[in-house]
Amino acid sequence: MANSNSGHSKKLRAATAAAATKAKLASGEYRQFSVQGRAEDVELILAAVEKAGGSRVQALAKICRRYLEGLS
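One rule links them: number in the working numbering = place in the sequence shown (from 1) + 1020.
Since the hints were derived computationally from the structure, they do not count as laboratory data. A virtual CB, placed ideally from N, CA and C, is assigned to each residue, including glycine. No false leads were mixed into what you were given.
Simulated DEER-style distance windows between Cβ atoms:
hint, residue 1, residue 2, range
1, A1072, G1027, 35 to 43 Å
2, I1083, H1028, 39 to 47 Å
3, A1039, K1082, 27 to 35 Å
4, S1092, A1040, 34 to 42 Å
5, G1073, A1046, 26 to 34 Å
6, S1026, I1083, 37 to 45 Å
7, K1042, L1088, 26 to 34 Å
8, C1084, E1049, 17 to 25 Å
9, L1088, K1044, 23 to 31 Å
10, H1028, Y1087, 40 to 48 Å
Put together the whole structure using the sequences plus the hints.
What follows is the structure, given as structure tokens:
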């Protein structure tokens, strides 16, 4: 097994990624929120995200832009 695929290396990479994300959250570069609701509402949101494509953040941003453009 190559060193880069060892359990220890994977844990180190995960810890590094977690620390980077935590720093970005602390600096305000990243923000996060969670959604909790009725199952049918969450399923509707997830279906819209799936249809919009991309990552969840990209998909939600796309949906929100379309919605906000429709209001003007």
